[in-house]
Amino acid sequence: MYKQYIGADGTLARAIVRLLDNACIPFASDNTDYQTFKKEVLAGAELQDADGNVMTQEQANQFIASLP
Amino acid sequence: MTTIINGSSPSITFSDGSAQTSATRPFLNRIINGAMAIDQRNAGASVTATGSPFSVDRWQTIVSQASKFTIQQNAGAVTPPVGFTNYVGVTSSSAYSVLTGDYFILNQTVEGFNIADLGWGTANAKTITISFWVRSSLTGTFGLALSNQDWNYSYPASYTISVANTWEYKTVTIAGPTAGTWNTNNNGGVRVQFGLGVGSTYNGTAGSWAAAQYLGTTGATSVVGTNGATFYITGVQLEVGSTATSFDYRPYGTEFDLCRRYYEQWDYNNGTGINNYMGAGVGMGYASNDVRTTLQYYPKRTSATLSFSGTFRFGNGGYNLNISSFLFDQAGSNTVLIYNNSTSGFTQGQAYQITAQAASKITISAEL
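Top line first, the protein sequences correspond to chains A and B.
For the first sequence, this note's numbering gives the first residue as 75, with consecutive numbering after it.
For the second sequence, this note's numbering gives the first residue as 42, with consecutive numbering after it.
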């Protein structure tokens with residue numbers, strides 16, 4: 075499961091929290107955790123917005139499509 | 042004094058006739074932590090292979106089923122081969138019959154930058170030799186495989202363990218692939234995978250390259266198939282050429298830094314990272330409910346994944362505030378902003394000494 079969060083500047087962080095271990099994964103294409111995050115969410119893993127609301131698969135897919 | 046450097050071999054002949062027959066070859070061994078000496082994550086503790094955890098640094102178990110074996114630095118406390126002080130050991134947890142699509146492997150992915158000179162995927166692909174010491178309670182044919190990062194081009198190879206519970210030295214020479222896509226950048230270059238039990242889907246015939254995801258060899262012994270079976274390995278070396286040379290010992294500090302390009306952790310007073318004063322040891326009140334600090338770490342191959350566990354104490358004279366939840370923002374390859382914007386009690390502009398409390402830990406990962 076993954077969760078968006080608010081960054082230090084008050085906007086959505088360019089990173090995602092992996093709830094398994096609360097690791098912050100940056101949106102960096104060479105980061106293998108980031109690659110895994112995208113694969114898992116597209117395969118149906120739960121993604122929450124910054125308020126903790128679970129995204130629908132369509133919303134999650136759209137979010138993934140917007141990432142680098 | 043004059044010297045003669047022999048053109049085709051790495052040797053130097055001095056004017057008095059003496060020769061240095063084995064010249065130093067920087068970064069001869071492309072494997073990092075091949076002597077299994079560095080274990081930042083586990084400090085020698087046993088790990089159950091669930092969710093493909095790392096054992097000693099740079100060595101990852103990749104498994105399709107949970108809890109079929111444990112892995113530990115110096116498992117079983119046997120005497121390592123002469124010249125080594127550590128090994129990594131797998132112990133089977135059951136007598137598991139491997140299914141067609143199963144895989145249990147011990148993997149190190151070598152970064153593309155570190156194989157860029159091999160010319161793999163071209164007509165000039167260089168031959169490499171893998172050598173290692175291995176010991177198992179089982180005998181027979183075992184498998185290993187090389188693969189590119191995307192697991193779509195691979196080479197299964199086999200080796201034989203002849204005597205149970207005895208260290209044996211093995212070498213495997215492999216002509217470089219003239220096809221396939223092999224990264225030469227900061228992504229995965231080549232995967233070196235030792236099979237511990239691989240189903241038929243991922244087994245290939247030993248001795249040739251194929252455009253397939255092979256993780257082992259047909260007919261190889263399954264370590265996870267025998268309850269209590271052991272598989273110990275150390276001295277893993279991957280070098281250019283068709284001859285295995287002696288293990289390329291690097292200074293411990295050099296090897297540790299090579300590992301830290303991919304992973305490091307800062308523990309409470311564990312002696313490998315920091316003591317109980319974290320980083321620069323100073324945070325700043327950014328607002329009454331927001332405290333921040335920056336962390337600089339060993340340069341990683343890419344922007345790092347960071348996690349925090351435990352508690353940090355922010356102190357300012359007689360005032361102390363414990364915080365056990367932090368977020369990381371704008372992580373780069375060697376620096377990140379740490380902040381907590383949900384705890385009240387800070388004064389804007391005030392500096393705070395940061396003290397890590399027992400069992401606190403920050404992990405910084407850019408593994409392949």
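Incorrect hints may appear among the rest.
[What the hints assert, rightly or not] Residues from chain A that face chain B, not an exhaustive set, calculated with beta carbons under 8 Å:
id	residue
1	Y79
2	G81
3	A82
4	D95
5	N96
6	P100
7	A102
8	D107
9	T110
10	A117
11	G118
12	A119
13	D123
14	N135
15	F137
Honestly, the hints are just simulated from the structure, not real lab data.
For glycine and all other residues, C-beta sits at the position ideal for the given N, C-alpha and C.
A quick look at each hint next to the structure:
Because the closest C-beta pair between Y79 of chain A and chain B is about 6 Å apart, less than 8 Å, the hint holds. Hint status for G81 of chain A: holds, given a least beta-carbon distance of 5 Å to chain B, under 8 Å. With a cut of 8 Å, the hint placing A82 of chain A at the interface with chain B holds, because the nearest CB-to-CB distance is about 4 Å. Checking D95 of chain A against chain B by beta carbon gives a least distance of about 5 Å; that is within 8 Å, so the hint holds.
Using the Cβ-Cβ criterion of 8 Å, the hint placing N96 of chain A at the interface with chain B is satisfied: the shortest such distance is roughly 6 Å. Of the supplied interface hints, the one on P100 of chain A holds, with its beta-carbon coming within about 4 Å of a beta-carbon of chain B, less than 8 Å. Evaluation of the A102 of chain A hint against chain B yields a held restraint, the C-beta minimum of about 4 Å falling below 8 Å. Because the beta carbon of D107 of chain A sits about 4 Å from the nearest beta carbon in chain B, less than 8 Å, this interface hint is met.
Given hint, T110 of chain A at the interface with chain B, is violated; its Cβ is 10 Å from that chain's nearest Cβ, farther than 8 Å. Look at A117 of chain A: its Cβ only gets to about 16 Å from chain B, farther than 8 Å, so that hint breaks. Annotation: interface hint on G118 of chain A violated; nearest CB of chain B at approximately 18 Å, more than 8 Å. A distance limit of 8 Å between C-beta atoms decides the matter here; for A119 of chain A the minimum to chain B is near 14 Å, and the interface restraint is violated.
Hint status for D123 of chain A relative to chain B: violated, with the closest Cβ pair at about 15 Å, above 8 Å. The beta carbon of N135 of chain A is not positioned within 8 Å of any beta carbon in chain B (closest approach about 23 Å), and the interface hint is therefore violated. The restraint placing F137 of chain A at the interface with chain B is violated, with a minimum CB-CB distance near 18 Å, outside the 8 Å limit.
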